[in-house]
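J.: Residues per chain are reported as follows:
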Amino acid sequence: MGKTRIIAETGAGQHGVASATVAARFGLPCVVYMGATDVERQAPNVFRMKLLGAEVKPVTAGSGTLKDAMNEALRDWVTNVDDTYYLIGTAAGPHPYPEMVHDFQSVIGIEAKQQMLEAEGRLPDLVIAAVGGGSNAIGIFHPFLDDGSVKIVGVEAGGKGLEGDEHCASITAGSPGVLHGNRTYLLQDSDGQIKEGHSISAGLDYPGIGPEHSWLADIGRVDYVPIMDHEALEAFQVLTRLEGIIPALEPSHAIAEVIKRAPKMGKDEIILMNLSGRGDKDIFTVGKLLGMGL
Amino acid sequence: MTARMDKRFADLAAEGRPALVTYFMGGDPDFDTSLAIMKALPSAGSDIIELGMPFPIRWPTVRPFSLPASALKGGQTLAKTLEIARRFREGDQDTPIVMMGYYNPIYIYGVERFLDDALACGIDGLIVVDLPPEMDDELCIPALKKDINFIRLATPTTDDKRLPKVLENTSGFVYYVSMNGITGSALPDPTVVGGAVQRIKGHTKTSGLRRLRRQDG
Ligand SMILES: Cc1ncc(COP(=O)(O)O)c(C=O)c1O
Chain A
171 MGKTRIIAET GAGQHGVASA TVAARFGLPC VVYMGATDVE RQAPNVFRMK
221 LLGAEVKPVT AGSGTLKDAM NEALRDWVTN VDDTYYLIGT AAGPHPYPEM
271 VHDFQSVIGI EAKQQMLEAE GRLPDLVIAA VGGGSNAIGI FHPFLDDGSV
321 KIVGVEAGGK GLEGDEHCAS ITAGSPGVLH GNRTYLLQDS DGQIKEGHSI
371 SAGLDYPGIG PEHSWLADIG RVDYVPIMDH EALEAFQVLT RLEGIIPALE
421 PSHAIAEVIK RAPKMGKDEI ILMNLSGRGD KDIFTVGKLL GMGL
Chain B
40 MTARMDKRFA DLAAEGRPAL VTYFMGGDPD FDTSLAIMKA LPSAGSDIIE
90 LGMPFPIRWP TVRPFSLPAS ALKGGQTLAK TLEIARRFRE GDQDTPIVMM
140 GYYNPIYIYG VERFLDDALA CGIDGLIVVD LPPEMDDELC IPALKKDINF
190 IRLATPTTDD KRLPKVLENT SGFVYYVSMN GITGSALPDP TVVGGAVQRI
240 KGHTKTSGLR RLRRQDG
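So the protein sequences, as listed, match chains A and B. Residue numbering for the first sequence follows our numbering, starting at 171 and increasing by one per position. Residue numbering for the second sequence follows our numbering, starting at 40 and increasing by one per position.
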């Protein structure tokens, strides 16, 4: 493509770290836009990106979260399009990004399906993932979409509850609109202005959702449900204690939904959940929330 | 109303001078001040007025010096932006008004309702920066059918292959974003811009509106 510079936006910093790693591998300069709020609550990933040689640009506009980071990255891109490639980190944004991200992330689902068939000899009964912009979810959902026996659930950030504005449940509590070059469910007011939203997890803190998820919700193939901040926080601790795995706050939302559903399912039924990231990046935030200074 | 803009360009051509098109953000810093700004523009030399519809997403092309946040803080809505135009129109029948912004507020307002209200408020054209020609059925064609110009953006990356598509259903004038990036953030080189304008002129023989009328018979 002849591009000599990479830019990315990031919420939790996972995509920023991945982009910085790729750029370091190929010796390309890398600028990562990250909301100022997220720079603070995901400090370990900011440090990782810097170690990898990337420049992290904090974005103070709006609520200083993923939406604002994406705005700034798009502005950089239109200014430097001649030499810059914009590596979008989620299944949202203008065409063809949602489609490309969907294709690349499908590796998760393809491998999971293969491993499931090897280990269990059959398909799972339930596939579940947390949804921010929707990349880890579309990746694991995709190879199962045509398997009618597989129930699929996407978990949105219910934040502090769906009644007010402090959540990011775009499908459950939003309405269709146009943002960042795609028509999808959004958090917006009656005048079509985009709301800021809120989630305990930086990666789910986005007032929209990838357009394919909106479509999957509309056709009824995937159920989207909200999980509140406090439920995710609880699930974060439960998984750590029961399995010795510290999950990221994003998939902690999916874990909380699994904890709700598993007791109602048969003993032989199989749940496949995407544990999309580990929680090292979140220990300072969680420590603070639990009243333990680190 | 397309006739008002056609007349303005014809009159300017007769005078042998180019049009000065000026932009301001509706509702910034508040309703009354921005209405006063708009009323002052024609006597200050503005031939065509672009009225910004605030949207907090400062995405590709909207200028850094227009402050949607300050307008929105003052409670500016799309209905109030239309009201600014209506109040201006009471005292000025000649200066074309082009509303400029993002699609979502129009989509939520309702396209048909918006076009009817825009026409009633004396709007002559629309610039909606996040609707590419692939989406012309959304707003562009309905606007042209109601006799409102749909003005498209071309940029330095809009090459000769893409230009015909971008210009296909456009009318009124072509908005050339003379540099990559946010307009107003740096001054482009006038010689480069001159060359680009010549290139675009090679593609603008017939406007979309005229073509549409011809198709309608
Ligand atoms: C670990 C983890 N999971 C999930 C997400 C949500 O993003 P997406 O919905 O695109 O998978 C993020 C985003 O930063 C993340 O860091």
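If you're looking for bench data, these hints aren't it; they were derived computationally from the structure. A hint or two may mislead.
As the list claims (entries may be wrong) - Pairs of lysine to any residue, SDA-like flavour, derived with a Cα cap of 25 Å:
1) Lys204/B <-> Thr410/A
2) Lys437/A <-> Thr410/A
3) Lys200/B <-> Trp247/A
Stated by the list, open to error - For each label pair, taking beta carbons as the anchor points, the in silico distance ranges come out as:
4) Leu221/A <-> Asp198/B: 36 to 42 Å
5) Arg201/B <-> Ile440/A: 37 to 43 Å
6) Asp388/A <-> Glu151/B: 19 to 25 Å
7) Pro264/A <-> Thr243/B: 44 to 50 Å
8) Pro264/A <-> Asp198/B: 51 to 57 Å
9) Ser82/B <-> Asp388/A: 47 to 53 Å
10) Val408/A <-> Asp155/B: 34 to 40 Å
11) Ser82/B <-> Leu221/A: 31 to 37 Å
12) Arg201/B <-> Phe274/A: 50 to 56 Å
13) Leu221/A <-> Pro229/B: 43 to 49 Å
14) Glu281/A <-> Glu151/B: 28 to 34 Å
15) Glu210/A <-> Ala225/B: 51 to 57 Å
16) Ile180/B <-> Phe274/A: 47 to 53 Å
17) Asp359/A <-> Ala58/B: 31 to 37 Å
Claimed, not checked - Examples of chain A residues toward chain B, derived with CB under 7 Å:
18) Thr249
19) Asp253
20) Val277
21) Ile280
22) Ala282
All values derive from a computational prediction rather than experimental measurement. Glycine residues also receive a C-beta, built at the ideal position from the N, C-alpha and C atoms.
J.: If a hint holds in the structure, say so; if it doesn't, say that too.
T.: Right, here's what the structure says about each hint:
1. For the proposed pair Lys204/B and Thr410/A, the alpha carbon gap of about 55 Å is over 25 Å, so the pair is violated.
2. Using a Cα cut-off of 25 Å, the hinted pair Lys437/A and Thr410/A holds, with the two alpha carbons roughly 23 Å apart.
3. Only pairs whose Cα atoms come within 25 Å are accepted, and Lys200/B paired with Trp247/A is accepted, the gap being roughly 21 Å.
4. Leu221/A and Asp198/B have their C-beta atoms about 40 Å apart, which keeps the hinted 36 to 42 Å range intact.
5. A beta carbon spacing of about 49 Å between Arg201/B and Ile440/A contradicts the range 37 to 43 Å that was offered as a hint.
6. Distance hint check: the CB atoms of Asp388/A and Glu151/B are about 23 Å apart, consistent with the given range 19 to 25 Å.
7. Roughly 26 Å separates the CB atoms of Pro264/A and Thr243/B, a value that falls outside the hinted 44 to 50 Å.
8. Checking the proposed 51 to 57 Å range against Pro264/A and Asp198/B shows it is violated: the Cβ atoms sit about 18 Å from each other.
9. About 52 Å separates the C-beta atoms of Ser82/B and Asp388/A, a value consistent with the hinted range of 47 to 53 Å.
10. The hinted range of 34 to 40 Å is not satisfied by Val408/A and Asp155/B, whose Cβ atoms lie roughly 56 Å apart.
11. As the Cβ distance of Ser82/B to Leu221/A is approximately 59 Å, the hint placing it in 31 to 37 Å is violated.
12. Between Arg201/B and Phe274/A the Cβ separation comes to about 26 Å, which falls outside the hinted range of 50 to 56 Å.
13. A beta carbon spacing of about 45 Å between Leu221/A and Pro229/B agrees with the range 43 to 49 Å that was offered as a hint.
14. Separated by about 48 Å at the C-beta atoms, Glu281/A and Glu151/B break the suggested range of 28 to 34 Å.
15. Judged by the Cβ atoms, the range 51 to 57 Å given for Glu210/A and Ala225/B is violated: they are separated by roughly 31 Å.
16. In this structure the hint that Ile180/B and Phe274/A lie 47 to 53 Å apart at CB is violated, the actual value being about 35 Å.
17. The hinted range of 31 to 37 Å is satisfied by Asp359/A and Ala58/B, whose Cβ atoms lie roughly 36 Å apart.
18. Restraint check, Thr249/A versus chain B: the minimum CB separation of about 3 Å is within 7 Å; hint holds.
19. Contact between Asp253/A and chain B, as hinted, is not supported at the beta carbon level, the nearest pair being about 11 Å apart and thus beyond 7 Å.
20. Using the Cβ-Cβ criterion of 7 Å, the hint placing Val277/A at the interface with chain B is not satisfied: the shortest such distance is roughly 29 Å.
21. With a cut of 7 Å, the hint placing Ile280/A at the interface with chain B is violated, because the nearest CB-to-CB distance is about 30 Å.
22. The beta carbon of Ala282/A comes no nearer than 34 Å to any beta carbon in chain B, farther than 7 Å, and the hint placing it at the interface is violated.
Of the numbered hints given earlier, the model fails hints 1, 5, 7, 8, 10, 11, 12, 14, 15, 16, 19, 20, 21 and 22; all others are met.
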